[in-house]
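> Here's the letter readout for the chains.
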Amino acid sequence: MRRRHAVTALLLLAVVALFALPLVIDSGSDFAGSDSQATELIEESDPGYQPWFSSVFSPGSAEVESGLFALQAALGGGVLGYALGRLRGRRLAEKPAAPPPGQP
Amino acid sequence: MHIAEGFLPPAHAIGWTIAAAPFVAHGARAVVKEVREHPEATLLLGAAGAFTFVLSALKLPSVTGSSSHPTGTGLGAVLFRPPVMALLGTIVLLFQALLLAHGGITTLGANAFSMAIVGPWAGYGAYRLVQRCGGGLLGGVFAGMAVSDLATYVTTALQLAWAHPDAESGFVGAAVKFLGVFAVTQIPLAIGEGFLGVLLFRVLTVNARPELERLGVLPGLEPEKAPGLEPEKAPGGER
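Residue numbers (my numbering), protein chains in the order written: chain C, 41 to 144; chain X, 49 to 287.
Because the hints were derived from the structure by calculation, they are not lab data. Some hints could be false.
No farther apart than 16 angstroms at their CA atoms in a straight line, the calculated lysine to aspartate or glutamate pairs in the EDC-like style are these [stated by the list, open to error]:
#, chain 1, residue 1, chain 2, residue 2
1, X, Lys107, C, Glu103
2, X, Lys107, C, Glu105
3, X, Lys107, C, Asp70
All values derive from a computational prediction rather than experimental measurement.
Make the full structure from the sequences, and use the hints.
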C-alpha cells in the first residue's frame, strides 16, 4: 500500500514538473497558443487568403474567454469527480453483500 | 489542434466534414448501444467524456516557449474502443466552436477528423501494440494516451499543409513548418497526458474493476474463475 501511494505521488510530481519546467527555464517567452501560431503562419505564407467565415460568437474579452475555458474545465472536472465517486460508492455498497474471497 | 474558423478553403471544409460525418454517426450509435445494453457503463462513459472536456480546456506551457492543450481522447478509446470518442470528441469541439470561438463550424469536420477520429484510433493501436509486446496494462495506457494526443496534432499539421501549401516548397515544406509549430510543442504535453492517464487508470482498476473486466480492459481474474466461486460473484450491485 505504501508503495502504491509513493508511485502515485511520483506520477503527480512528474506531471507538475513537466509543465512547471518550461516556465522556469524559459521565463522570457510569452507561451502563445500553438493554434494562433498556426493561424499567423497561414497569414504569413499565404497572404492572399481571406478567411471566408467568422465565428458565430466570440467572447468579447480575454477575461470572458478565460472564464468560459474555466467553465469547460469545471464542467468536465465536476462530471469526472461525480463518476469516480459513484463508482467508488458502488464498490463500497457491494462489499457487505459479497465479502472478498479468502475471508470465510 | 483547432483550425480557426474560416481558415480552410470551402472545398477542404466540406471534404473533411463529409469524411468525418460517418465516423461521428457510427460513434453516436456505438454510444447509444453501449448505454442501452450496459447501463452500468454510463458512469465510465461519462468519465471518459469528462476527461476530454477537462484536458482540452487546459492550455499548458511547453518547452518550445508556446502553449497547447492535450486532447484526453485516449482514455475513452482504450475503455470503449475508438468509435465512441468520435461522438464525444466532436461534442467537445462543438462546445468550443460555439462558445469559445476556438476552432469553428466550417473547420469542425477537419478538427473532428484529427481529434475525435485519427487520435483515438492511433492511440488505441498503440495501446494494443504495447500490450501485445508485453508492456502491461499501464504501459499500454501510457502509450495510448500519448499517441492519441500526438497523432491529433500531426494530423492537424498535415491538414493545414494540404490546404495551405508553401509557395516554393509545396506540401512538404508547409508540413515541416506546421509540424514544427504543432508536433514539437506537443511532445511534452503528450508525455504528461500519458502520466495522467496512468494515474486515472490506477484509480479505475481499484474502483471500477468489474466494469473494466466486462469491457475486456482487465482480464477476468483467471484463477478465481473456479466454478465454485462463480455464484458468489453474481448477486450484488445496486442497479
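> If a hint holds in the structure, say so; if it does not, say that too.
Going down the list of hints, with the structure as the test:
1. A hinted pair counts as satisfied when its Cα atoms are at most 16 angstroms apart, and Lys107(X) with Glu103(C) qualifies at roughly 15 angstroms.
2. Between the alpha carbons of Lys107(X) and Glu105(C) the distance comes to roughly 13 angstroms, so the proposed pair stays at or under 16 angstroms and holds.
3. Note on Lys107(X) and Asp70(C): the hinted pairing holds, with a Cα-Cα distance of about 13 angstroms set against a maximum of 16 angstroms.
When each numbered hint is compared with the structure, no violation occurs for any of them.
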